[in-house]
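Protein chains: 2
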Amino acid sequence: MKTELKINTTEAKQEFEGPVPELNPIMYPQSVAVIGASSAFGKWGQLILTNIVAGGFEGKIFPVNPKDTSLCGLPVYKRISDIPGPVDVAFITIPAGGVPAILEECGRKGVKGVVLITSGFSEIGSDGAALEREITEICKRWNIVLIGPNTMGIISSYAKLFATGTHTRPRPGGVAFVSQSGNLGNQLVHWASQQGIGISQFIGSGNEAMLGCADYLEYLEQDENARIIMLYMENVGDGRRLLSVARRVNQKKPVIVLKGGRTSAGKAAAASHTGSMGGEFLIFRAACSQAGILNVDAPAELLDLSAGFSSLPIPKGDRVGIVTLGGGWGVVTADACNENGLRVPDIPERIVERLNKYLPPFWSKRNPLDLVGTRDTEVPIVAVEELLKWDGIDAVISLGIIGRTELVRLLVNSTRGVDPTASVELLDEIEGFVEKYEETYVATMVDLMEHYQKPVIGVSLTRTDRGTVRAVDGKRYSGVFYQTPETAVNVLARMVDYSRFLNRQGNPSS
Amino acid sequence: MKTELKINTTEAKQEFEGPVPELNPIMYPQSVAVIGASSAFGKWGQLILTNIVAGGFEGKIFPVNPKDTSLCGLPVYKRISDIPGPVDVAFITIPAGGVPAILEECGRKGVKGVVLITSGFSEIGSDGAALEREITEICKRWNIVLIGPNTMGIISSYAKLFATGTHTRPRPGGVAFVSQSGNLGNQLVHWASQQGIGISQFIGSGNEAMLGCADYLEYLEQDENARIIMLYMENVGDGRRLLSVARRVNQKKPVIVLKGGRTSAGKAAAASHTGSMGGEFLIFRAACSQAGILNVDAPAELLDLSAGFSSLPIPKGDRVGIVTLGGGWGVVTADACNENGLRVPDIPERIVERLNKYLPPFWSKRNPLDLVGTRDTEVPIVAVEELLKWDGIDAVISLGIIGRTELVRLLVNSTRGVDPTASVELLDEIEGFVEKYEETYVATMVDLMEHYQKPVIGVSLTRTDRGTVRAVDGKRYSGVFYQTPETAVNVLARMVDYSRFLNRQGNPSS
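Which chain is which? The protein sequence lines are G and D, in order. Here the first sequence stands for residues 3 to 512, where the numbers follow the working numbering. Here the second sequence stands for residues 3 to 512, where the numbers follow the working numbering.
Same shape as in the complex, but just chain G:
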């Protein structure tokens, strides 16, 4: 199967059309084997097995090793051939030298896919490279789809399959992530989990002996769970094919790329890391830009963009309305908008008059809408909706509502502590109220986005335990609350870029 792919790529067709890699048996398996399963804390065979079991995988799990009889309460098989019934995917963690023989066994058993965790292949030099060619040939001969070697694992959240060494388990969601660095990838998945960003798949592509980023893109193109795709790449490989595929996929789902090895220092580091020299970054970036593919410079930005792109409607233009409780935050947000090429248009008299009903005479009466610290719970919502209603605005940034809750809690706590006459009921009521208001506010923002098809980006102005993305049951969009205005503005600016790309393609944002 992959041979055909390789042939096509060298012909460098503008629009590649080959068979999509058969990754479903790996990403949505009925049965998995862990070859090299172990009870030794911290060994790969233990990390992977306990993660799959603890993550609640609902298919069959077959630990394989020659010594144990039971692991995690499951029977252990001495050899792959001893496993009763078919095996969709085998996770292999045994030392490199034993891998060829094990792959032959997998082939005879009819295993469809292998995730080869084991390292000691092309990344360690020419001997390893020879071994890597050997195992790739074995897989091709047996029609085994190979991820890795030297991968730190995969996640398929909708299949409840968490097969990485990092025991973090993000909620299912629309963001697919392919990473050439397993370590960086796993850590980013952990950040995603901490921020409430839903992940559909994570694939650590490792040495990419058989499948590379372009192949994974093609697979994710047709997987409905993946709504946006993040790539971390050091080695572009066949750049022409990658860009051709990415260009096509990017018209259906945003593709966001972080290229490691952009500079001489980064390139030197990447060379020692993956054994391959990255291409010229400027050319790469120009090509991406032409293809509408978003490039970012830092891992955290990948996540910031993922949160926005997977949770918000795409804005149709660059005109931003800003709602703030305090003037200073409005100023820095307006500055950030202008510096990122976004406009902050002045508002019509109609909106001023509507808000005059709620606010003291010295409110800003312009965009940013500075609600001068109002404690009215209705007006922050009215202000957002008035802006969304107006056809002079494409997106709203709303500052400080969610963050205020934490500050109210601090105040309630110290009032409890020092005021012996304070009404306990009143304080309880206030705490309950702010919590409930937060929920209502998130749900209202999600409804407003659905109704007006314009994004509302929240800024919490404080670090909260609730994460960046707040999903609302049964809704297409989610509340998004970044900690800082500059993050919200950057994400919005990149969404505007993407919207312009779609428009240039005659493919307006939906």
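Derived by calculation from the structure, the hints in this document are not laboratory data. Backbone N, C-alpha and C fix where the C-beta goes; we use that ideal spot for every residue, glycine too.
Quick list of the computed label-pair ranges, beta carbon to beta carbon: (1) G/ALA42 x D/ARG465: 23 to 33 Å; (2) G/SER72 x D/THR442: 36 to 46 Å; (3) G/THR379 x D/GLU226: 39 to 49 Å.
Far from chain G, some chain D residues (derived; all Cβ distances over 12 Å): (4) PRO86; (5) ASN227; (6) ALA293; (7) ARG352; (8) LYS359; (9) ALA445; (10) GLY476.
Within a straight-line C-alpha distance of at most 25 Å, the following computed SDA-like cross-link-like pairs (lysine to any residue) qualify: (11) G/LYS367 x G/GLU341; (12) G/LYS367 x G/ASP378; (13) D/LYS45 x G/THR407; (14) G/LYS45 x D/ALA424; (15) D/LYS62 x G/ALA424; (16) D/LYS45 x G/THR423; (17) G/LYS45 x D/ASP430; (18) G/LYS62 x D/LEU412; (19) G/LYS255 x G/ALA288; (20) D/LYS45 x G/LEU361; (21) D/LYS62 x G/VAL420; (22) G/LYS111 x G/ILE140; (23) D/LYS477 x D/ILE383; (24) G/LYS114 x G/ASP84; (25) D/LYS45 x G/ILE432; (26) G/LYS62 x D/ASN415; (27) D/LYS45 x G/ASN358; (28) G/LYS45 x D/VAL426.
Chain G is fixed; fit chain D onto it per the hints.
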């Protein structure tokens, strides 16, 4: 006192030398009055009083209002003149119209300083401006030092005086912060507190009727608790004097400025917020740059820099050593270094040979030092020290040691959950070990910084509950662990800028 200051400023002397504002009675008072004190939850008179009491202020606290007899367990005085004994500082929260009469009372009582929380002065228009002139005259006549009006309060951590509406109480430390926006300022103080950044003073300067940023800089210049100074400004005022003072102060303590109203949108917002148009930003920035004053674009960056400048030795050059557990993070960090003008020099054979003793043959053997996921607890420390020892390196960025602890905990938890044969003692021991190792690691980094006088900047690669700055008892430096490499690199690059400025001044970093 302030009259003289004003006259001097209009003469625009290059090096201003006037009397330093007498802020000690406000920042280190023996007794405070809260005029307008209240038990009504959320009113300013309640916010300020409960915060001062709950914050543990050890001097005398006198609530003043005509109605109550007791608040927070303290006797309430009907009039200021009823207070027994002297009052260093009065916090005033009553409506604007009553302020002139109250200030006269304060004057007769001999109150030395007033923090005027009340709004409704120049920020609301010409009537308010007239009232502001009136109250400023009253204060001058009585020799009262006035902060505000329209300020959201002050903090003086070493005096245990927390007198803001936001009940966040950062630990005492070296960072002083003056903000023209109270709302933005208070929120940043809260971030500082969440990140473990020690604050010496916070001053919300409000409308600056009497004292402006230049005055506060002069005060903080001579206050030993303030080791670095952050400014948030929208209105520069007398730019020549400000820059002259800032230039002088910046040679003793770094001054970091965030200017709001840089763009037309931000300027419009700032105008409506403070009633004054900001100067031309490009001129301002060029002047700052000439004076070695660090300019930042975002509030979060103020804090990032504060953490670094207050906790780490200043680097003497731009050569960075990088230590990483995983290659990908080394690549993105090296890229970020090069893109921020920092060098990542290759290491001498001596260091390679030293680390060969600890690591498998396929470790990177270059800078970044990729320790290829080693679980050896000694080698990450050895690697940092070897780099610090070498005179080819000015600073070290160390990635992932602190963050790994959280990932180990996740693994321990799922092992507990799914492996019935796992040794409970072993798992407890592992958890205890990683926790203890983290403490040891932080303490060792602090000792190494003291010994070699070079900064070691940590990157946690995960969001931890422990904050960015980890102080070690009795030590001059603290451990600093940013979540992302790009933050660490940016801070280091700005520290290198500052170091170069000091060198140009013939004032090498200490």
